[in-house]
Amino acid sequence: MKSDRLKPALLLGPLVLFLGLAYLVPFLGVMQWSVTLPETGFSQYGKAVSDPLIQSVFLRTFRICLIVTLCAVAAAYAIAYVWVRGTPAQRLVTELCILIPFWISVLTRAFGWVALLSNRGLINTWLQAAGIISEPLTMVRNEFGVVLGMMHFLIPFAVFPIASAMRSLDERVFLAARGMGASRLRIFWSIFVPMTLPGILGAGLMVFVFALGFFITPAILGGGRSVMIAELIYLRLFQSPDWGLGAAISVILMLIVGALLVLMLRLVRPNKMLG
Amino acid sequence: MKPTPIAVFLAFTVALFLLLPLIAVVPVSFTPARFLSMPTDVWSLRHYQALLDNPAWLQSIWLSLRIGILSSVIATLLALMFSLGIWMFRPWFGSLLFGFVLLPMVAPPVVSAITLYFFLTTLSKVNDVVAYDTWVGVAIAHAVMIAPFAVVMVTVALAQVDRRIDLAARGFGASVSQRVFKVILPNIKFGVFTAFFLSFVLSWEEIGVTLFITSVDAVTLPRMMWMGLRDNIDPAIAAISVILIIIVITVILAKTAVTFKLSRKT
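Chains A and B, in that order, give the protein sequences.
Residue 1 is where the first sequence starts when you use our numbering, and the numbers rise one by one after that.
Residue 276 is where the second sequence starts when you use our numbering, and the numbers rise one by one after that.
None of these hints come from the bench; they were simulated from the model.
Do not take every clue at face value.
[As the list claims (entries may be wrong)] Stretch-level coverage of chain B by chain A, calculated; a stretch enters the list once three of its residues show a Cβ under 8 Å from a Cβ in chain A:
id	region
1	316 to 328
2	489 to 503
3	512 to 522
[Said to hold, decoys possible] Which chain A residues face chain B? A few, computed with CB under 7 Å, are given here:
id	residue
4	Tyr45
5	Val49
6	Ile233
Small disclaimer: the values here were computed from a predicted structure and weren't measured.
Positions of the beta carbon are idealized from the N, C-alpha and C atoms, including for glycine.
With the rest of the complex left out, here is chain B (with noise of 0.2 Å):
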């Protein structure tokens, strides 16, 4: 039953409706004016300027890279050796703590947000480096937030593993971390890469929680933009979307033509 052409109709439109302010964002970066606008005679790339010029801008991309490696690092490991274990040991009581860690990623965000600012103002009290504001603080809140999605992640890649390789490895005597080094890990390279750049990912463009807990020292880049985006819309802000954007495109672009290519090899 292939869809009637009022079905294509309705799916594209909707297909228009979800690219279209992607789309909008384009001409308003290119405008002369200071303020959000649509360019009428001449295009300028000065917003584009303006993001090289304001060490500000530069600072907080950079910033949001540290915490989105270390915040991923963190995350992915911790999510691997949970699911590694829930897979290997199977525990009576796996299904409880499986739904206990994807707590963070279920719960409203605000009510993680206010949870996550309880945390880091209580540790500010006692150091300054796992703190309110601070770079690293930032980074243990964003693993927190991410973690559920990289366990997610990893049990799905766990999930298609043959258990009889392992069965076999154990049956031939492997301990256990030779059947995770030598036989799981191997199986599920793909898949904890994929944890490992979703994580990266949710945390480059995390702001409700990074909301609550920063306040002028760890600008991170979203922060910046939502900064750039509250009273007076500065259209730097377009000209960093647009630049996002291009980034997300390609990168969808380029796994599409890749899995195309290999769909058509098989």
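Pulled out of the complex, with its shape left as it was, chain A reads as follows (with noise of 0.2 Å):
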């Protein structure tokens, strides 16, 4: 009996120590700098709790996210729609839309929109040959940026749970309606969206949680200007050496995503998420 407990522990054991040891260990270390940098107490948590400054980053994180989790969830759907339902040269075509720019790096797809937006990009160097703008106009390192390059980052994440419930629809269910003489807008609105919803709010709050601890495109397509919530902590880690307060902000954010986590846990069941 003694080799079977241990078979599994010897499978198991490997990745769970080097978990806990380079992960969980180092994650409760953050924890007590938190409460011990510059001194001992919760007096960090006070700090970014009260600082107005600080308030202002997380109001205006929540704010974007918001922002770009609408928006990706609404353009997600529409792309979706066509991949699951449309022909095969269509989905061909728009998978392909898809899958594209989900493998390309995070560094490449920001970079791709400051070549678009900024001053001398794409957009303002057509709009002023044509003879439309005569300043350029300014369309990076503001929140404008920010979101559009964001809601390009998370668009493919959010198709991938609102395919899944699109695909797994009774196509029956549509035929009734058509022949009891609905409309097809009454067939995608009455019936098609409600039985996509927990697609739709799994993909919602799957957008949101990335956002919130989203880093490269915001300090990228920001430009220090609109700085989010992990672009604070950066800052607070490396240029104005503030340690006490960067994890304890930090441990601020793991709480808030941890609960918005155990919200999409409840309204997607993890075994769907996987499959």
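Fit chain to chain and form the complex, with the hints in mind.
If you want it as structure tokens, here you go:
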């Protein structure tokens, strides 16, 4: 019997041990920073909650994430609809347009937006050459650029849960509605959308959670002007060495994300998300 | 119910939106200027030349390759053992362990970054191999970040294996290692390869955590790109981006073509 218990441990142990030592223990260390640097106690948490600058960063992060989530889910719904239900040619084109950006690194994609939106970028050069504008439009280093860049990053992630919800629908329901004289629009709004609602909510929560911890895209497209929470942690750690505060904000962020994940697990069954 | 023309139009608008920034990179990479701009009269290859001339670019590519291979080998191996353990023995605490190993994937990247920064700076006090700003340190940190993805991929592959073949092998008295190497692994080898490939790509592209745990020595390719993107944007970034985009498109088109051919055969 002894070897029967030992064998699972030999297989399961290494990864659990590895992540325990390289992730769980250091995370506890970060929590310890948050209550010991620069002094023992919860003063850093008090500061993180009451400091007007940090409050404004939290508010901005929530606002941007909300806008990005709504736009990304709507866009993902549109493309997923054709990806799942279109003609074979439409399916192929949409699939490539979803997969290619998905596999390209976040840096390249953020840079693509800079190339498109900056003062000497594609859009401004063309608009100026066409004589539509005389001064370049400011489209990066502000929230507009951040929202576009984050949407672009997150749309493919939102597509997968929505598409899997759309695939699992029973075609006969639509035939029945048709037979009873419902218009296409009515079928879409009264049947199709409500039936894919779990996918929409799952995608929305996932995108929102991802967006909260976003760092690279806002840092490049925001140009330090519209700082989000993740960038604030970076700045607290490396520019104004204030490790205790950076750690405290990280722990708060982790708690928020944890709460949202629990909500997500209640809405979408985890085994569905894996498959 | 086929999509209406309006639905198709909306979907293709989104598709265009997804491709647009990737297309925009191409003309910018041919600018003759030293700053980010559109080429007007002459198209120049100077920024592609700069990639070859500046040894820092080639060094960072070589570093990223080494880190990618080491971290994805570690992550895939540990993930494979873990997923096999869960699948074969189905321990009662399995879902709890599963949730635990997915932690680096679901936690905000910045929280993982500060956590791994703590991990490596602490290790730096006792050794110089697995430490802050070393290539092995970065590889270990990447392995932490990509292991959950490898676990998901291998678990998905295992979910498609028919349990009865394993039960049959067990019934005939096969040992655990025989079941693993002779029965289960041959059935999931494609899934394991996919896990390894995904792990490598994730490490190759990783920047969120890398930014926190490197400074001047372990400059990976993404880190190198990040430095060129921050203040004065270096058009060499456009050139390297075009190359990376072409690689991704080639791989995806090749894969699509192969799947297409296979689906026509059967």
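For each hint, the structure was consulted:
1. 316 to 328: violated (count 0)
2. 489 to 503: holds (count 3)
3. 512 to 522: As far as the region 512 to 522 of chain B goes, the hint holds, because 5 residues have Cβ atoms under 8 Å from chain A.
4. Tyr45: 15 Å, violated
5. Val49: At about 18 Å, which exceeds the 7 Å cut-off, the nearest Cβ of chain B leaves the hint on Val49 (chain A) violated.
6. Ile233: 5 Å, holds
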